[in-house]
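Novice: Residues per chain are reported as follows:
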Amino acid sequence: MTDLLGGLAVRSPGLLILLLLAPLPLVLQPRKPSGFPALDGLPDDPVSTALDWAIRVAGVVALSALVLAAAGLQVGARTIERTGRGSHISLLIDRSGSMNDTFAGRTPEGGEESKSQAAKRLLDAFVARRPRDQIGIVGFSTAPMLVVPMTDRLDAVRAGIAAIDRPGLAFTDVGRGLAMALDQLEGDTGLASRSIVLVSDGAAVIDRKVQEALRNAFAKRPVNLYWLYLRSAGSPGIFAPPPPDKPDNPQVLPERHLNIFLGSLGQRYRAFEAENAEAVADAIAEIDKLEASEIRYRETLPNVDLAGVAYAVAVGALALIIAAKLLEVRIGNTDSHGRAA
Amino acid sequence: MAPRPHVPRRIDPRTVGLAVALALAVAALLHPTWTSRVARHDLTVVVDITTSMMVRDASIEGRPASRLDAAKRGLTDLIARIACGSRVALAVFSERRAFLLFEPVEVCSGYPAIAGTLDRLDWRMAWEGDSRISKGVADALEVAGSLDTDLVFVTDGHEAPPLRPDQPLWFPGGDGDAKRHGLLVGVGGDALSPIPKFDDDGHEVGFLAESDVPQDNRQGPPPSNAESRTGYNARNAPFGAEVARGNEHLSSLKQDYLEDLGRVTGLGYARLGRDDLAGAVARFARALPANAAADLRPLFGLAAFAALVLVYLVAPLAAVTVRRRRRGAPRSIASRGAPA
Numbered sequence: 001m002t003d004l005l006g007g008l009a010v011r012s013p014g015l016l017i018l019l020l021l022a023p024l025p026l027v028l029q030p031r032k033p034s035g036f037p038a039l040d041g042l043p044d045d046p047v048s049t050a051l052d053w054a055i056r057v058a059g060v061v062a063l064s065a066l067v068l069a070a071a072g073l074q075v076g077a078r079t080i081e082r083t084g085r086g087s088h089i090s091l092l093i094d095r096s097g098s099m100n101d102t103f104a105g106r107t108p109e110g111g112e113e114s115k116s117q118a119a120k121r122l123l124d125a126f127v128a129r130r131p132r133d134q135i136g137i138v139g140f141s142t143a144p145m146l147v148v149p150m151t152d153r154l155d156a157v158r159a160g161i162a163a164i165d166r167p168g169l170a171f172t173d174v175g176r177g178l179a180m181a182l183d184q185l186e187g188d189t190g191l192a193s194r195s196i197v198l199v200s201d202g203a204a205v206i207d208r209k210v211q212e213a214l215r216n217a218f219a220k221r222p223v224n225l226y227w228l229y230l231r232s233a234g235s236p237g238i239f240a241p242p243p244p245d246k247p248d249n250p251q252v253l254p255e256r257h258l259n260i261f262l263g264s265l266g267q268r269y270r271a272f273e274a275e276n277a278e279a280v281a282d283a284i285a286e287i288d289k290l291e292a293s294e295i296r297y298r299e300t301l302p303n304v305d306l307a308g309v310a311y312a313v314a315v316g317a318l319a320l321i322i323a324a325k326l327l328e329v330r331i332g333n334t335d336s337h338g339r340a341a
Numbered sequence: 001m002a003p004r005p006h007v008p009r010r011i012d013p014r015t016v017g018l019a020v021a022l023a024l025a026v027a028a029l030l031h032p033t034w035t036s037r038v039a040r041h042d043l044t045v046v047v048d049i050t051t052s053m054m055v056r057d058a059s060i061e062g063r064p065a066s067r068l069d070a071a072k073r074g075l076t077d078l079i080a081r082i083a084c085g086s087r088v089a090l091a092v093f094s095e096r097r098a099f100l101l102f103e104p105v106e107v108c109s110g111y112p113a114i115a116g117t118l119d120r121l122d123w124r125m126a127w128e129g130d131s132r133i134s135k136g137v138a139d140a141l142e143v144a145g146s147l148d149t150d151l152v153f154v155t156d157g158h159e160a161p162p163l164r165p166d167q168p169l170w171f172p173g174g175d176g177d178a179k180r181h182g183l184l185v186g187v188g189g190d191a192l193s194p195i196p197k198f199d200d201d202g203h204e205v206g207f208l209a210e211s212d213v214p215q216d217n218r219q220g221p222p223p224s225n226a227e228s229r230t231g232y233n234a235r236n237a238p239f240g241a242e243v244a245r246g247n248e249h250l251s252s253l254k255q256d257y258l259e260d261l262g263r264v265t266g267l268g269y270a271r272l273g274r275d276d277l278a279g280a281v282a283r284f285a286r287a288l289p290a291n292a293a294a295d296l297r298p299l300f301g302l303a304a305f306a307a308l309v310l311v312y313l314v315a316p317l318a319a320v321t322v323r324r325r326r327r328g329a330p331r332s333i334a335s336r337g338a339p340a
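The listed protein sequences correspond, in order, to chains A and B.
In terms of my numbering, the first sequence opens at residue 1 and continues consecutively.
In terms of my numbering, the second sequence opens at residue 1 and continues consecutively.
In case anyone wonders, no lab produced these hints; they're calculated from the structure.
There could be a bad hint or two in this list.
Below, computed lysine to any residue pairings styled on SDA-like, alpha-carbon distance capped at 25 angstroms [what the hints assert, rightly or not]:
hint	chain 1	residue 1	chain 2	residue 2
1	B	Lys197	A	Arg176
2	A	Lys325	B	Pro13
3	A	Lys209	B	Gly202
4	B	Lys254	B	Trp127
5	B	Lys135	A	Asn100
6	B	Lys197	A	Thr142
7	A	Lys209	B	Asp199
8	A	Lys209	B	His203
9	B	Lys197	A	Ala179
Chain A side only, calculated, beta carbon under 7 angstroms to chain B, not exhaustive [as the list claims (entries may be wrong)]:
hint	residue
10	Leu24
11	Pro25
12	Leu28
13	Ala69
14	Ala70
15	Ala143
16	Leu146
17	Val147
18	Val148
19	Arg153
20	Ala159
21	Tyr311
22	Ala314
23	Ile322
The beta-carbon is built from N, C-alpha and C at its ideal position, and this holds for glycine as well.
Required output: the full structure, derived from the provided sequences and hints.
Specialist: So this is what it looks like as structure tokens:
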């Protein structure tokens, strides 16, 4: 595709060389030469002269429009700024093996739904409700992995969500996952609000070095943080302090301490604890609502095909020329080459 | 007054030319298309991201590159080339599993996302250091089957640790008879090259040494020649007493092994850089019917243009030529007898 002026572009620029033939009608006319010897004796008629030029110009227009249309005239993709609902969201999804258990902490049997299946169903609906968002997915377990880059191709995002109930891996390295999710949001310099939605059923101790790096990274730009904790039956939860006789440290209660860590980053942060699919749905609806703020965002408009318009212009110009041709007055009997018959 | 002689009223060819041009332009405006059948493919692409893939013995456009980078480039080109309507799922291989990143995505609308993920594939995503290729291929076949897709497995064929010599290659439900669709794609050079070594923070710190990797698989019964080894003791040292030596810390493309694997599993084999990947996919993967609509408007538009050029250029020039030719033997209006 070659860009022309003003955002216009053509697909096959090679054809544009034919535009050199477009001025032909200014020089040559398809009128039938008349047997009348000369027009010199007739008085000047400005209306006729204007009409003559209009028909010549129509010829130029018809030729140019046909070439531009055949070359595939279009308005190239452009970005415009709009105001509306939408944000940039990085979904940080736990792909550890325990996600494939039910909320009761068992292997699903019969019609039971695992945590990952519930998350998959509800996240898919969440993405489907947010057509204006840019969404990326980072999976994390033993190592973080980029699943889908920040994109407006939501079909790809939904394909990534569809894979989250596949058998998982071993660990829950949430620290490095957070770093990758943040990294994913770093690329965009737009004005959209940026959020990380962490979906996990557990947490692990975050290495002190990684904690430090995360603190620095989060301090750079505001990011909304949501943690959707899928709580299995019997796990202590992320809010409750331990009974006084139990130790309170990240090794024993990693979830509670991850919550404290995320809360201490100085960002807008909400944690949701869900013990079942309904609670997950409520939490996702809540995130949907919180991420509904009006923002200015840039939207990329796809190419607009202008070939049809160009053909319509050519048809109009040709119709004009043919009308003029059919109104031709025959003076004397002449054949098509101007010979008198 | 003499009666006006009857002159057959002929249609001016220029009017015909204009009418033809108008008809063709109107036809173009109606957006004619020609639908042809093309082959599309549904693929599960699995990329080996183990450390041996970091060996820099592959090439991108003649420049040396790591096997992983060459694989990423080759796959990005493949996705750009296969027919729209094809769908691609992406998984990474490490240890003994194909870990699915996303389910099939349509390649044309999803191209930026698929290419973006491919570009960010990294050995750091690997969850374990093992590279049990044959187990990985078995798992990948299962994943690909569950998505009703054909497999494209890109690897250098370097098994780590080495396979047990006493066990032949075997696949559940596939003794080469079961016709599976898809292919193994080999990447790497023929000569042994050192494998980069990374520290805990992911920085490259030289190359793997002989003692860094298991050189020998000592599970299962010892090989038949074990008795001749130094320090052999049936109970205490059934594999001999010497430290195994070998070339497992160096890596090359194990082409013969991958071709064997292909035979056992019913998959095809292609080598990245030597074979055309899109052609290999067309050969080994199922071709699904898809319609591709070709835009015929430019054809009609150019035909209308040609008709107009005839009217504006050729017809007037012809008239001029005819008049010139007649100048030698002028036949004026008067000489023929003025009409009416």
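Novice: For each hint, tell me whether it holds in the structure or not.
Specialist: Against the structure, the hints:
1. Pair hint Lys197 (chain B) plus Arg176 (chain A) holds up; C-alpha atoms about 21 angstroms apart against a cutoff of 25 angstroms.
2. Distance restraint check for Lys325 (chain A) and Pro13 (chain B): the Cα-Cα separation of roughly 11 angstroms lies within the 25 angstroms cut-off, and the hinted pair is therefore satisfied.
3. For the suggested pair Lys209 (chain A) and Gly202 (chain B), the alpha carbons sit about 15 angstroms apart, so the restraint of at most 25 angstroms is met.
4. As the CA atoms of Lys254 (chain B) and Trp127 (chain B) are separated by approximately 23 angstroms, the hinted pair is consistent with the 25 angstroms bound.
5. Under the criterion of a C-alpha separation no larger than 25 angstroms, the hint pairing Lys135 (chain B) with Asn100 (chain A) is consistent with the structure, at around 22 angstroms.
6. In summary, the hint linking Lys197 (chain B) to Thr142 (chain A) is supported, as the alpha carbons are separated by about 20 angstroms, within the 25 angstroms threshold.
7. Among the hinted pairs, Lys209 (chain A) with Asp199 (chain B) is consistent with the structure: their alpha-carbon atoms are about 16 angstroms apart, no more than 25 angstroms.
8. Only pairs whose Cα atoms come within 25 angstroms are accepted, and Lys209 (chain A) paired with His203 (chain B) is accepted, the gap being roughly 16 angstroms.
9. Distance restraint check for Lys197 (chain B) and Ala179 (chain A): the Cα-Cα separation of roughly 24 angstroms lies within the 25 angstroms cut-off, and the hinted pair is therefore satisfied.
10. Because the closest C-beta pair between Leu24 (chain A) and chain B is about 4 angstroms apart, less than 7 angstroms, the hint holds.
11. Because the beta carbon of Pro25 (chain A) sits about 5 angstroms from the nearest beta carbon in chain B, less than 7 angstroms, this interface hint is met.
12. A cut of 7 angstroms between beta carbons decides the hint on Leu28 (chain A): the least distance to chain B is about 4 angstroms, and the hint holds.
13. Interface hint at Ala69 (chain A): satisfied, since its Cβ lies 5 angstroms from the closest Cβ of chain B, which is below the 7 angstroms cut-off.
14. A distance limit of 7 angstroms between C-beta atoms decides the matter here; for Ala70 (chain A) the minimum to chain B is near 4 angstroms, and the interface restraint holds.
15. For Ala143 (chain A), the shortest C-beta to C-beta distance to chain B is roughly 5 angstroms, which falls under 7 angstroms, so the interface hint holds.
16. Because the beta carbon of Leu146 (chain A) sits about 4 angstroms from the nearest beta carbon in chain B, less than 7 angstroms, this interface hint is met.
17. The interface hint given for Val147 (chain A) is met, as the beta carbon of that residue sits about 5 angstroms from the closest beta carbon of chain B, less than 7 angstroms.
18. Given the 7 angstroms rule on beta carbons, the hint for Val148 (chain A) holds: about 5 angstroms separates it from the nearest Cβ of chain B.
19. At its closest, the beta carbon of Arg153 (chain A) sits 4 angstroms from a beta carbon of chain B; the interface hint therefore holds under the 7 angstroms criterion.
20. Hint status for Ala159 (chain A): holds, given a least beta-carbon distance of 4 angstroms to chain B, under 7 angstroms.
21. A least Cβ separation of about 4 angstroms between Tyr311 (chain A) and chain B falls short of the 7 angstroms threshold, and the interface hint therefore holds.
22. Against a cut-off of 7 angstroms between C-beta atoms, the interface hint on Ala314 (chain A) holds, since the closest Cβ of chain B lies about 5 angstroms away.
23. Hint status for Ile322 (chain A): holds, given a least beta-carbon distance of 5 angstroms to chain B, under 7 angstroms.
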